[in-house]
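Trainee: Single-letter residue listing:
There are 4 protein chains.
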Amino acid sequence: MSGSTYGKLFTVTTWGESHGKGIGVVVDGCPAGLELNEADIQRYLDRRKPGQSRYTTQRSEADAVQILSGVFEGKTTGTPISLVVFNTDQRSHDYGELATCYRPGHADYTFDAKYGFRDYRGGGRSSGRETIGRVAAGAIAAKLLATLGIDIHAYATAIGPVTIDRNAFDLAESLNNPLGMPDAAAATAAQEYLELCLKNQDSCGGIIECTINGMPAGIGDPVFDKLDANLAKSMLSIGSIKGFEIGDGFAAATSTGSTNNDAFILTDGSITKATNHAGGTLGGISDGSPVVFRVAVKPTPSISQPQQTVNCSGEAIELSIKGRHDPIIVPRAIVVVECMAAITTLDLLLTNMSAKLEHLKQIYDR
Amino acid sequence: MSGSTYGKLFTVTTWGESHGKGIGVVVDGCPAGLELNEADIQRYLDRRKPGQSRYTTQRSEADAVQILSGVFEGKTTGTPISLVVFNTDQRSHDYGELATCYRPGHADYTFDAKYGFRDYRGGGRSSGRETIGRVAAGAIAAKLLATLGIDIHAYATAIGPVTIDRNAFDLAESLNNPLGMPDAAAATAAQEYLELCLKNQDSCGGIIECTINGMPAGIGDPVFDKLDANLAKSMLSIGSIKGFEIGDGFAAATSTGSTNNDAFILTDGSITKATNHAGGTLGGISDGSPVVFRVAVKPTPSISQPQQTVNCSGEAIELSIKGRHDPIIVPRAIVVVECMAAITTLDLLLTNMSAKLEHLKQIYDR
Amino acid sequence: MSGSTYGKLFTVTTWGESHGKGIGVVVDGCPAGLELNEADIQRYLDRRKPGQSRYTTQRSEADAVQILSGVFEGKTTGTPISLVVFNTDQRSHDYGELATCYRPGHADYTFDAKYGFRDYRGGGRSSGRETIGRVAAGAIAAKLLATLGIDIHAYATAIGPVTIDRNAFDLAESLNNPLGMPDAAAATAAQEYLELCLKNQDSCGGIIECTINGMPAGIGDPVFDKLDANLAKSMLSIGSIKGFEIGDGFAAATSTGSTNNDAFILTDGSITKATNHAGGTLGGISDGSPVVFRVAVKPTPSISQPQQTVNCSGEAIELSIKGRHDPIIVPRAIVVVECMAAITTLDLLLTNMSAKLEHLKQIYDR
Amino acid sequence: MSGSTYGKLFTVTTWGESHGKGIGVVVDGCPAGLELNEADIQRYLDRRKPGQSRYTTQRSEADAVQILSGVFEGKTTGTPISLVVFNTDQRSHDYGELATCYRPGHADYTFDAKYGFRDYRGGGRSSGRETIGRVAAGAIAAKLLATLGIDIHAYATAIGPVTIDRNAFDLAESLNNPLGMPDAAAATAAQEYLELCLKNQDSCGGIIECTINGMPAGIGDPVFDKLDANLAKSMLSIGSIKGFEIGDGFAAATSTGSTNNDAFILTDGSITKATNHAGGTLGGISDGSPVVFRVAVKPTPSISQPQQTVNCSGEAIELSIKGRHDPIIVPRAIVVVECMAAITTLDLLLTNMSAKLEHLKQIYDR
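Chains as they are written, first to last, in this note's numbering: chain A, 1 to 366; chain B, 1001 to 1366; chain C, 2001 to 2366; chain D, 3001 to 3366.
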């Protein structure tokens, strides 16, 4: 694996640049027999499509996905599923300054440092369009998990300084407003704040929370491949994400053991927890409670106000970024978070199948 | 890889249970020619050794490491380095209730859910003693990195509610006080807070920050194996860590693009950044600034006050945990954070060697 | 990795079915800065293209490759190179019996056993067309290796009972005759034998030899990732290959130590070997001599004479296979062998870069 | 993974040098619940122990294995199983010439080329003693496979020019004679041939065959991780093995399709094959027939007659190797072949668990 592949058994290999011929993904290790068609995947891609509100880039791409392999007569065959979205809106223009300058907050400089040069068109491999492959793969993982009773939902809990009221939490509402907040009043306030940002030629960040319901206890490996460790990696692998916390997260650092410990209790004869400070994982293994984690999203680095920077020739310059950019990354990143969580969860579910000799006997019983 | 191995080229495989025969690690992929002896490793292990202050468990183990392979005539040979610490203080006693109850905040229940049963002695594989292997491996990575001019330091920035004063920051001080805080006054206040916790038969958490100095620009892969993604995984893979943030982290979520972007500037003709909100990484690749990240550590779950819980037979019980436990995990986790950071950094440095054709030509030039 | 990905640093992920939309490959980990265009790849694909002689299937496909990502301004960028060949000659017909019967010597039955069902069109994933992805990826590896002075050539040393005369060995000739034999007389005799096979509605096998020239000493890992072990895997992963041997191979089993040992000698002050019974590898690591190995190719299983077999309903049937099939696999497999050897060699060359601390110092020297 | 780890889910990491402190292995990913004790492993190690006949080295080591982790109350816990054999017979002597010369047929020169220097004591990491780790791990895999009805047996079919008579094949006999041949008459003839070799201060090679009985159909991945490809890699990863063939192997190259194809037939209502030219695998996936493969073993390179070679200073020298060496590697390699086959088979069995959605539903059914 060389950096564009994720997962041990359910492996996802993304490829493609923002302004190249297309963006795609190869999903290997999907169990055979899952009903799947392009609409299942398009539904997820449509959630990250640009141009859906005035807070997302106005680039208009249909982002229509094609399944090129791995599905036969409506079902996955167990062989690699190749998915592609051809780019259709690559404006052929002069990249001029962007080809030679190092935009603050972007990967231009670091790509040059690593590879010696870069595809400077629209961010190249570092563009948000790379997430198309993740979302397409995640849609498959999510569909498979749903057949096992596992559902994943992400939503924004903060946009800039505006945070949701937990007492007003309404998951359905998060699909109604353009910011994905599960609280209509907060969404309104956040839109006001965003208008201010736009007026200031500025951008802002936010926080996305994700909940995995229906997770069976016992998933995740106890040492390096902890459920939370793998989720953390998959989240920080999304561009612009600067932090990850599970359960009470950073707040646990100021808590005490007597408060932070979740007592085990019996509910209808089953073992459950009285609280969920842990966020659904103990020792890196799921405990049967919902898995709850949050990620911090930085403000969009592309802003139209003038910025000081340096070009490839090592000269100080002033830069004003033109073009179509999201003033906030959060709304379109929500489905990416959900999809990376689905991929991570499914991969651990598959590796967990061999945890017990008893499981082998179930499957290879003759 | 099955969960106890970490790394692609510099791979670390830990093994061992708290009360088994020993704890160890196999380090594979260490470049040949590094001078190494047991003292290099012992120095790091001594920093995580129990019994160093009244805030760490009183279990007294020398934790003396032996190098069993991979070093010849004082230098690494390029073959696996096997390191072992034999357990010497496994008290042979009746684990009684602990064998059958599910301690809140511990992995007892989740191990049973995953594997069907567990080694219940002292936390088994989930014990903090598993980190001996990580520290031993990390000591090697750190020594190698130092030869390339890369230094890694971790320290506590918060213990419970007590946080350091950034203006009083003194790295050397962090090695002077038992809590690893780079601020003597904060360390004193934190000790007062800990006395209160002890009196209340309670425990507390904290925050550890880690800085990687001397990191060349260009390290880390742009998609799934981002420098920050791999650091996040390695950190969350440490027991009791509930959150990770890089640079401004969660604070970036409330910032704006114009503030959060770090301007590129020229310093003595070299490209640097005016600020470091990013924490040393752009697009997942190091940018030449110091890499700075923080982790949240939860309060020790083993507390001596009575707790409600459930046993393996599904009966509600009251539990009082006896024995030797740290009232706070932070001080001994500092070196673990440092070591996991070293392992992660070195692994990415090795995989980065093949980023450019030019590098191949340098090495295979004939 | 889930079975369709090969390689640790230079990773190759193939996808696609014989009669699906296309066949492709994602190459990740190719160093940045290699000049590459579609013609470089097409040249190799043309060598495995069907319809080139009366001994290869008459299916006529241009097999035109497209580079979808990873190349910018004529050079590799270090990011994934996605390559696709769209299928154009999928005859839309009734697969009838082939959809439900288990062809002898084919993977129909085993796919059903593993996955529960299969894409029965033209062999699906098990078709020889899967090798398009390998050849496309191998063309890149071969081009890169050539820039380092490493050249790989494969050719047929036997077709059915006809073997080449080592004294008449002429590498150039192997590109002149349709069977890829480096001996014109043997090629003529082999063609006579093949005519007999065709007349008998039968097929035959053969042996392919591959030589890697210019391999530096020191490549390959000493334990599981031996150069010869990785070559063996990559060769046996090609459909229809039933055996692998390096150097004297099976003949070494009847030799003696005094004969089989290759004496080290000095040639112009450099250490070389007087003979090459070892085939260029000692202890799994290249020794500076040419790497020489052979593979055994089984006869094409699709023959038109009637065969006894069983169908999916568990009924005995008689089967006569119609359609376009190669009477011998060898000629088109030659380039596949060459390409898998190139991929394997390059991958080991990349992982070898971190073998010595000295190499790190060369690259990270500041 | 850096060359000393093998396997995707059942992973085996070996460490140790011939004359270092010990040899060991960490087995990760062994399913929990397998009954296991040291005797289970010792039984296999005793089969590769030196000093068992006049045809194996006279070095006398008990090679007593210790389980250091991963087993609790007599059963595997699912966590890493660390096994160690401490070296006890490292004669402390002057390695003199061996420290500086390059023995023909050995890895001395290639280690120096790769790493810059080497542990020259007794072959270091390249010693046959490295296989202790493989055998210890394979003993666990074999025990687990046996609980699923899968049995693996290896034996010698040729020693130098002496081959077994297939009509006299008697598996039990292979455990009776010191050469592991399943034919008493051949074993006697082979011993005569070996006496001649000893008299000539020479050595010889041979062929080992391995049969896996009880293998369910459907195991192995169709592309790179074919059952036969993984077996080939695991076999060529054993020192001194120069060739691998499955089923008819190299003989298939001279066969015809009509002969080589195995007809599917019905046996008691089940689908089986009339013949087994394929050796139990079709398209890389097991077909329910016994898996049968052979490996070629080269003659022991350490012979006592004088040989020409070169030393580290680049001077031509004459070398006479003293010390304890096997005149033939085959007898002790048999159990290594068996164990690597067990490891490979179990690993593919575990990864196969997620091949079908139906399997997931069986295990995660609630």
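There's no promise every hint is true.
Claimed, not checked - Simulated restraints, written as ranges between beta carbons of each label pair:
{"id": "1", "chain 1": "D", "residue 1": "A3146", "chain 2": "B", "residue 2": "N1200", "range": "53 to 59 Å"}
{"id": "2", "chain 1": "C", "residue 1": "E2038", "chain 2": "D", "residue 2": "F3117", "range": "23 to 29 Å"}
{"id": "3", "chain 1": "D", "residue 1": "A3172", "chain 2": "C", "residue 2": "Q2305", "range": "48 to 54 Å"}
{"id": "4", "chain 1": "C", "residue 1": "A2039", "chain 2": "A", "residue 2": "Q201", "range": "53 to 59 Å"}
{"id": "5", "chain 1": "D", "residue 1": "S3320", "chain 2": "C", "residue 2": "N2176", "range": "48 to 54 Å"}
{"id": "6", "chain 1": "C", "residue 1": "N2213", "chain 2": "D", "residue 2": "T3259", "range": "47 to 53 Å"}
The set of hints was computed from the structure by calculation and includes no laboratory data. Ideal Cβ positions, reconstructed from N, Cα and C, are used throughout, including at glycine.
Trainee: Compare the structure with each hint and give your call.
Mentor: Here is how each hint holds up against the structure:
A3146 of chain D and N1200 of chain B have their C-beta atoms about 55 Å apart, which keeps the hinted 53 to 59 Å range intact. For the hinted restraint 23 to 29 Å between E2038 of chain C and F3117 of chain D, the CB-CB distance of approximately 45 Å leaves it violated. In this structure, A3172 of chain D and Q2305 of chain C break the distance hint of 48 to 54 Å, their C-beta atoms being roughly 41 Å apart. Here the CB-CB span from A2039 of chain C to Q201 of chain A is close to 46 Å, at odds with the stated 53 to 59 Å.
A hinted range of 48 to 54 Å holds for the C-beta pair S3320 of chain D and N2176 of chain C, which are about 50 Å apart. A beta carbon spacing of about 37 Å between N2213 of chain C and T3259 of chain D contradicts the range 47 to 53 Å that was offered as a hint.
Hint compliance for this structure: hints 2, 3, 4, 6 are broken, all remaining hints hold.
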